[in-house]
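Undergrad: Here is what each chain is made of, one letter per residue.
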Amino acid sequence: MTGGKALGTFRSFYVPAMLVGPATLIVLIPFIASLVVLGVYSVGFYPGGAGFDLGVWKTFLSDSYSWTVIFTSIRLAVIVTFFCLLIGYPVACALVRLDSMLMSIIAYTVIFSPLLMSVVVRSYGWLLLLSDSGFLNSLLGAWPLNLGPYRLIYNEIGVIIALVHILLPFAVLPLITVLLQQPQQLREAAADLGASPFAIFWKVTFPLSLPGVIVAAEIVFALAVSAFVTPAVLGGGRVLNLSRLVYENIGNIEWGLAAVQALILLIAAVGVLLILERFNRRTFGEKS
Amino acid sequence: MQARAGDSKAAVLMLRMVLGAVLVFMAAPILIVVANSFNSSQFNVWPPAGFTLDWYHKALTMPQFQRGFVNSVIAGVLSTLVVLAVGTPLAYAIVRIKFRGKSLLQGVLLGPLVVPRIAMGFSLFVLYLASGSGLYGSMSGIVLGHALLMLPFVVSVLVANLGEVDPIVEEAARDLGAGAVEAFVRVVLPQIRPGLIVAGLLAFITSFDEVETTIFLVKPVVNTLPIEMYLYLDQYQDPTLAALSTLLIALSMLLVLVGLMFAKRGSLRFLLGGRGA
Amino acid sequence: MASYETGDVVLTAVEKCFGDSSVVKGIDLTIRKGEFFSLLGPSGCGKTTTLRMIAGLEEPTSGSISIRGERMNGVPINKRPTNLVFQKLALFPHLNVWDNVAFGLKLKRVPEAEIRTRVGEMLDMVRLSGFESRSIASLSGGQQQRVAIARAVVNKPAVLLLDEPLGALDLKLQTHLQEELRRIQRELAMTFVYVTHNQTEAMAMSDRIGVMNAGQLEQVGAAADLYLRPQTEFVAGFVGQTNLIGGKVTAIGETTISIEAFGLTFDAVRRSAVETGQAVTFSLRPEQIRIAQAGGAGIQLPLVDATFFGATATYRLQVPGGTIVAQTQGDLQMLAPGQTVSVSWPPEAVVLLTGGQS
Chain A
1 MTGGKALGTF
11 RSFYVPAMLV
21 GPATLIVLIP
31 FIASLVVLGV
41 YSVGFYPGGA
51 GFDLGVWKTF
61 LSDSYSWTVI
71 FTSIRLAVIV
81 TFFCLLIGYP
91 VACALVRLDS
101 MLMSIIAYTV
111 IFSPLLMSVV
121 VRSYGWLLLL
131 SDSGFLNSLL
141 GAWPLNLGPY
151 RLIYNEIGVI
161 IALVHILLPF
171 AVLPLITVLL
181 QQPQQLREAA
191 ADLGASPFAI
201 FWKVTFPLSL
211 PGVIVAAEIV
221 FALAVSAFVT
231 PAVLGGGRVL
241 NLSRLVYENI
251 GNIEWGLAAV
261 QALILLIAAV
271 GVLLILERFN
281 RRTFGEKS
Chain B
1 MQARAGDSKA
11 AVLMLRMVLG
21 AVLVFMAAPI
31 LIVVANSFNS
41 SQFNVWPPAG
51 FTLDWYHKAL
61 TMPQFQRGFV
71 NSVIAGVLST
81 LVVLAVGTPL
91 AYAIVRIKFR
101 GKSLLQGVLL
111 GPLVVPRIAM
121 GFSLFVLYLA
131 SGSGLYGSMS
141 GIVLGHALLM
151 LPFVVSVLVA
161 NLGEVDPIVE
171 EAARDLGAGA
181 VEAFVRVVLP
191 QIRPGLIVAG
201 LLAFITSFDE
211 VETTIFLVKP
221 VVNTLPIEMY
231 LYLDQYQDPT
241 LAALSTLLIA
251 LSMLLVLVGL
261 MFAKRGSLRF
271 LLGGRGA
Chain C
1 MASYETGDVV
11 LTAVEKCFGD
21 SSVVKGIDLT
31 IRKGEFFSLL
41 GPSGCGKTTT
51 LRMIAGLEEP
61 TSGSISIRGE
71 RMNGVPINKR
81 PTNLVFQKLA
91 LFPHLNVWDN
101 VAFGLKLKRV
111 PEAEIRTRVG
121 EMLDMVRLSG
131 FESRSIASLS
141 GGQQQRVAIA
151 RAVVNKPAVL
161 LLDEPLGALD
171 LKLQTHLQEE
181 LRRIQRELAM
191 TFVYVTHNQT
201 EAMAMSDRIG
211 VMNAGQLEQV
221 GAAADLYLRP
231 QTEFVAGFVG
241 QTNLIGGKVT
251 AIGETTISIE
261 AFGLTFDAVR
271 RSAVETGQAV
281 TFSLRPEQIR
291 IAQAGGAGIQ
301 LPLVDATFFG
311 ATATYRLQVP
321 GGTIVAQTQG
331 DLQMLAPGQT
341 VSVSWPPEAV
351 VLLTGGQS
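Protein chains in written order, with full-length UniProt numbering: chain A, 1 to 288; chain B, 1 to 277; chain C, 1 to 358.
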């Protein structure tokens with residue numbers, strides 16, 4: 001019996017500990033520790049700080065400039081999420097209807113391979129396309145249109161266009177997944193019952209795909225609200241969001257302020273995620 | 001384009017047009033980078049003033065890009081090895097073993113996914129400084145940071161793969177005389193090889209391209225390539241960056257090709273809407 | 001070492017609990033060297049758990065298991081002299097036929113040349129020569145089954161354990177592979193422990209059968225023993241069809257006893273100690289019952305219904321408080337329901353069930 005008991009402890013404790021231990025020690029504990037340190041810094045405990053002090057929080061939250069930046073971050077993220085879903089949905093519908101292998105490979109490669117390229121490269125590409133003397137303005141300015149030039153960079157327009165490009169693949173992927181899971185028979189049954197193509201889409205396809213739409217929105221929003229490189233490159237310092245402030249305040253050695261801003265960024269990202277997840281669960285039950 | 005039940009012709013045509021437009025939208029910034037890398041004007045003027053390869057020469061000879069490339073490769077390889085080494089047993093434990101604290105562990109594992117990269121970078125930065133570990137500005141610090149960002153992705157890919165390996169084949173290997181580790185190496189690892197390759201590539205690419213967390217962890221000597229590119233872009237706008245980007249685009253297209261070649265014939269069927277699969 | 005003489009596998013008071021539920025409730029069993037032994041029982045009776053404890057996939061909660069005189073408790077699965085043929089086969093999908101079969105030998109660092117001979121011979125024995133480099137997925141169900149058998153047998157285990165390996169195959173293939181298994185077992189004189197819920201399969205192959213029910217071993221014996229001399233109601237009912245009848249001992253003679261049941265009195269062979277007045281249950285096999293036109297020898301019973309199966313015919317007969325079933329050769333007596341027939345059976349057909357109530 002003692003042998004069996006020892007074996008039991010071995011199986012129930014040492015084996016999982018050996019498997020889980022390395023990841024926990026090397027990765028998960030530093031992760032948790034870093035968030036704890038972040039919280040501690042935000043209330044005044046940092047080298048050169050004055051000890052416990054909620055002053056930084058109070059100052060930041062009572063400053064109207066802070067709120068402008070917070071709203072800019074959220075507004076950008078909402079607009080980008082909206083366009084990613086608006087464009088991503090028909091794209092996903094089109095992708096699941098492709099029936100030529102060659103066309104599929106081309107379409108999937110063009111849409112998803114940008115994920116393999118650095119955000120710096122892609123943002124730079126948009127800088128080239130949208131700049132005053134760039135491709136788009138030279139196209140619009142040429143005969144017969146003779147329009148422009150338009151200011152498309154160093155403002156929110158350029159940032160939004162580039163972010164939609166960068167985040168679109170993240171929206172399309174969950175949408176494809178959810179569309180492929182829909183049984184073909186459902187649409188066939190609806191058609192058999194006399195539904196028009198329009199009715200089939202709004203009564204069957206779309207409602208069933210909503211969980212995928214929400215997942216897509218979660219991912220795109222979380223990435224957009226905390227984007228750093230693209231707003232920096234295409235905003236040229238004129239589009240200030242929370243990420244930018246955190247970065248600048250480290251340069252200014254404002255540890256406490258940077259910590260507060262990083263936490264607010266985290267709260268914005270996680271908060272929207274929780275709201276969408278709650279909506280998802282309430283509407284579609286535990287399973288989705 | 002394959003019509004599905006209940007599709008109207010007009011709708012299918014519209015979908016086609018949207019897809020076409022989006023393909024142009026997705027390809028445009030990449031094509032323009034490639035085109036501009038041969039532009040002899042240094043102010044990104046369109047149409048190009050003339051053809052030159054000078055920017056390639058400049059991109060390849062600038063010391064910060066050479067050093068950045070080497071740093072990125074080292075960081076990519078090391079963080080991929082670390083994350084696979086710790087992620088594989090973790091994924092195995094999640095799939096196969098019941099243990100206390102498992103759901104807590106899975107919750108924490110989601111953390112790096114939801115915490116914004118910038119916040120993650122700053123938190124790690126203060127942790128590295130506060131712990132007095134000397135990790136700030138070191139290659140180890142970058143590797144740790146990248147492993148942290150990638151762990152959730154790697155574990156989820158491996159969990160999905162391990163879920164398809166029947167636990168009974170491990171019992172069979174044990175019955176035929178294999179120790180626990182030996183059974184894993186001989187029977188489980190070969191079956192999750194596709195997952196390991198996908199997870200490894202994903203980890204390497206993410207590490208290679210990472211800016212938003214990394215920028216808080218580096219000192220100039222360990223700057224990675226995308227950081228150097230970002231810093232360069234802040235200062236200059238000549239096509240040197242276009243040339244460098246083109247080389248990186250070529251590298252990632254090569255990866256796509258390799259991926260397509262390694263994918264089994266049947267495994268690409270999902271591209272056709274999962275039909276027949 | 002004493003048990004080596006008596007048996008290859010010895011189970012002593014083996015119990016297994018999963019949490020609160022007790023799956024195996026104290027089994028004592030000795031399996032002889034070189035015999036084909038089957039553990040037979042319905043699903044959930046604990047037979048597979050018993051097999052997995054012998055293999056080392058589960059540890060007994062209490063009791064001991066020894067193989068060739070060596071205590072196996074605590075010995076990990078990979079160090080036991082047993083090999084298992086899994087119910088779901090568990091072939092390695094990433095290896096071809098040859099590498100699947102050679103897997104165990106390679107682990108034991110058997111010299112390359114010996115591996116070649118042994119695997120080659122083994123594939124010959126299971127008639128899979130020429131399939132060496134085929135992938136597992138390209139094989140038929142029957143071929144996969146042979147690979148699974150070969151992969152286990154090639155290691156020359158002291159005991160080969162088989163967990164319902166033929167369950168997923170069609171009837172014709174099952175019968176064929178049963179013969180193959182029996183042939184392989186005789187050729188190698190290896191101890192086989194075979195788990196099945198299929199009594200025909202167990203009877204077709206086994207030297208001895210252990211019938212399990214609700215975590216307990218009800219009876220161990222050769223197929224004929226279990227059929228002709230079941231000791232418990234469960235065994236009588238599970239191994240073949242039978243009529244279970246409750247009655248009372250009314251008289252005890254030299255070689256026979258008299259039993260009263262549903263108002264009739266008849267004789268049974270005296271095999272075990274009983275007392276007059278004792279309540280007993282006995283088994284009466286349907287095919288032991290003879291039926292003739294009314295007015296013949298025996299008791300007169302009304303016929304409830306008759307079903308004709310070709311080779312056999314089944315009749316249900318009315319007795320006070322129920323019916324009994326009789327089975328005859330498929331003679332065309334054209335007995336019609338409602339008519340009265342003469343029914344008789346020899347005293348040795350009445351088998352008293354002395355084992356525990358179930």
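A hint or two may mislead.
Stated by the list, open to error - Within a straight-line C-alpha distance of at most 35 Å, the following computed DSBU-like cross-link-like pairs (lysine-lysine) qualify:
no., chain 1, residue 1, chain 2, residue 2
1, C, K79, C, K106
2, C, K248, B, K98
3, C, K79, C, K25
4, C, K106, C, K33
5, C, K248, C, K172
6, C, K25, C, K156
7, C, K172, C, K33
8, C, K88, C, K156
9, B, K102, C, K33
10, C, K156, B, K102
11, C, K79, B, K219
12, C, K25, C, K88
13, A, K203, B, K58
14, B, K58, B, K219
15, C, K106, C, K156
16, C, K108, C, K33
17, C, K172, B, K98
18, B, K98, C, K33
19, C, K88, C, K108
20, C, K248, C, K156
21, C, K33, C, K79
22, C, K106, B, K98
23, C, K25, C, K106
24, B, K219, A, K58
25, C, K33, C, K88
26, C, K172, B, K102
Stated by the list, open to error - Pulled from the structure, derived: some chain C residues nowhere near chain B, Cβ distances all over 10 Å:
no., residue
27, I77
28, L91
29, G104
30, L128
31, A224
As the list claims (entries may be wrong) - A partial selection of chain A residues facing chain B, derived with a Cβ cut-off under 7 Å:
no., residue
32, P22
33, V43
34, F82
35, C93
36, Y124
37, L128
38, F135
39, A258
40, L265
If you're looking for bench data, these hints aren't it; they were derived computationally from the structure.
Heads up, the beta-carbon is just placed ideally off N, CA and C, and yes, glycines get one too.
Undergrad: All the hints need checking, so say for each whether the structure fits it.
TA: Hints versus structure:
1. Of the supplied pair hints, the one linking K79 (chain C) and K106 (chain C) holds, its CA atoms being roughly 15 Å apart against a limit of 35 Å.
2. For the hint linking K248 (chain C) to K98 (chain B), the alpha-carbon distance of about 55 Å lies beyond 35 Å, and the restraint is violated.
3. With a C-alpha separation of about 26 Å, the suggested pair K79 (chain C) and K25 (chain C) falls inside the 35 Å cut-off, and the hint holds.
4. In summary, the hint linking K106 (chain C) to K33 (chain C) is supported, as the alpha carbons are separated by about 27 Å, within the 35 Å threshold.
5. Note on K248 (chain C) and K172 (chain C): the hinted pairing is violated, with a Cα-Cα distance of about 45 Å set against a maximum of 35 Å.
6. Between K25 (chain C) and K156 (chain C) the CA atoms are separated by roughly 31 Å; this keeps the pair inside 35 Å, and the hint holds.
7. Between K172 (chain C) and K33 (chain C) the alpha-carbon distance is near 30 Å, which keeps this suggested pair within the 35 Å criterion.
8. As the CA atoms of K88 (chain C) and K156 (chain C) are separated by approximately 21 Å, the hinted pair is consistent with the 35 Å bound.
9. In summary, the hint linking K102 (chain B) to K33 (chain C) is not supported, as the alpha carbons are separated by about 46 Å, beyond the 35 Å threshold.
10. For the proposed pair K156 (chain C) and K102 (chain B), the alpha carbon gap of about 41 Å is over 35 Å, so the pair is violated.
11. This hinted pair does not check out: K79 (chain C) and K219 (chain B) have alpha carbons roughly 54 Å apart, beyond 35 Å.
12. Only pairs whose Cα atoms come within 35 Å are accepted, and K25 (chain C) paired with K88 (chain C) is accepted, the gap being roughly 26 Å.
13. The straight-line distance between the Cα atoms of K203 (chain A) and K58 (chain B) is roughly 58 Å, outside the 35 Å bound, and the hint therefore fails.
14. At most 35 Å may separate the alpha-carbon atoms for a hinted pair to count; K58 (chain B) and K219 (chain B) meet this at roughly 23 Å.
15. Of the pairs offered as hints, the one joining K106 (chain C) and K156 (chain C) holds, with about 14 Å between alpha carbons and a cut-off of 35 Å not exceeded.
16. A distance of roughly 24 Å separates the Cα atoms of K108 (chain C) and K33 (chain C); the hinted pair therefore holds under the 35 Å criterion.
17. For the suggested pair K172 (chain C) and K98 (chain B), the alpha carbons sit about 42 Å apart, so the restraint of at most 35 Å is broken.
18. In summary, the hint linking K98 (chain B) to K33 (chain C) is not supported, as the alpha carbons are separated by about 39 Å, beyond the 35 Å threshold.
19. Using a Cα cut-off of 35 Å, the hinted pair K88 (chain C) and K108 (chain C) holds, with the two alpha carbons roughly 24 Å apart.
20. For the suggested pair K248 (chain C) and K156 (chain C), the alpha carbons sit about 53 Å apart, so the restraint of at most 35 Å is broken.
21. Between the alpha carbons of K33 (chain C) and K79 (chain C) the distance comes to roughly 20 Å, so the proposed pair stays at or under 35 Å and holds.
22. Straight-line distance between C-alpha atoms of K106 (chain C) and K98 (chain B) comes to about 32 Å, which keeps the hinted pair within the 35 Å bound.
23. For the given pair, K25 (chain C) sits about 38 Å from K106 (chain C) by alpha-carbon distance, which is inconsistent with the 35 Å threshold.
24. The suggested pairing of K219 (chain B) with K58 (chain A) holds, with an alpha-carbon distance near 33 Å, which does not exceed 35 Å.
25. Annotation: proposed proximity of K33 (chain C) to K88 (chain C) holds, straight-line Cα distance about 27 Å (limit 35 Å).
26. The suggested pairing of K172 (chain C) with K102 (chain B) is violated, with an alpha-carbon distance near 47 Å, which exceeds 35 Å.
27. With 10 Å as the threshold on Cβ separation, the claim that I77 (chain C) sits away from chain B is violated: the shortest Cβ distance comes to roughly 5 Å.
28. With a cut of 10 Å on Cβ distances, L91 (chain C) falls inside the contact zone with chain B, its closest approach being about 7 Å.
29. At the 10 Å boundary, the C-beta of G104 (chain C) falls inside the reach of chain B, the nearest C-beta of that chain being 4 Å off.
30. Even its closest Cβ contact with chain B, about 18 Å, leaves L128 (chain C) beyond 10 Å, as expected for a residue assigned away from the interface.
31. A224 (chain C), annotated as away from the interface, keeps every beta carbon of chain B farther than 10 Å; the closest lies near 33 Å.
32. The restraint placing P22 (chain A) at the interface with chain B holds, with a minimum CB-CB distance near 4 Å, inside the 7 Å limit.
33. Hint status for V43 (chain A): violated, given a least beta-carbon distance of 13 Å to chain B, over 7 Å.
34. Because the beta carbon of F82 (chain A) sits about 16 Å from the nearest beta carbon in chain B, more than 7 Å, this interface hint is broken.
35. A distance limit of 7 Å between C-beta atoms decides the matter here; for C93 (chain A) the minimum to chain B is near 6 Å, and the interface restraint holds.
36. Interface restraint check for Y124 (chain A): the shortest CB-CB distance to chain B comes to about 6 Å, inside 7 Å, so the restraint holds.
37. Nearest Cβ of chain B to the Cβ of L128 (chain A): about 5 Å, under the 7 Å cut. The hint holds.
38. Against a cut-off of 7 Å between C-beta atoms, the interface hint on F135 (chain A) holds, since the closest Cβ of chain B lies about 5 Å away.
39. Against a cut-off of 7 Å between C-beta atoms, the interface hint on A258 (chain A) holds, since the closest Cβ of chain B lies about 6 Å away.
40. Interface restraint check for L265 (chain A): the shortest CB-CB distance to chain B comes to about 5 Å, inside 7 Å, so the restraint holds.
Violated hints for the displayed structure, listed by number in ascending order: 2, 5, 9, 10, 11, 13, 17, 18, 20, 23, 26, 27, 28, 29, 33 and 34.
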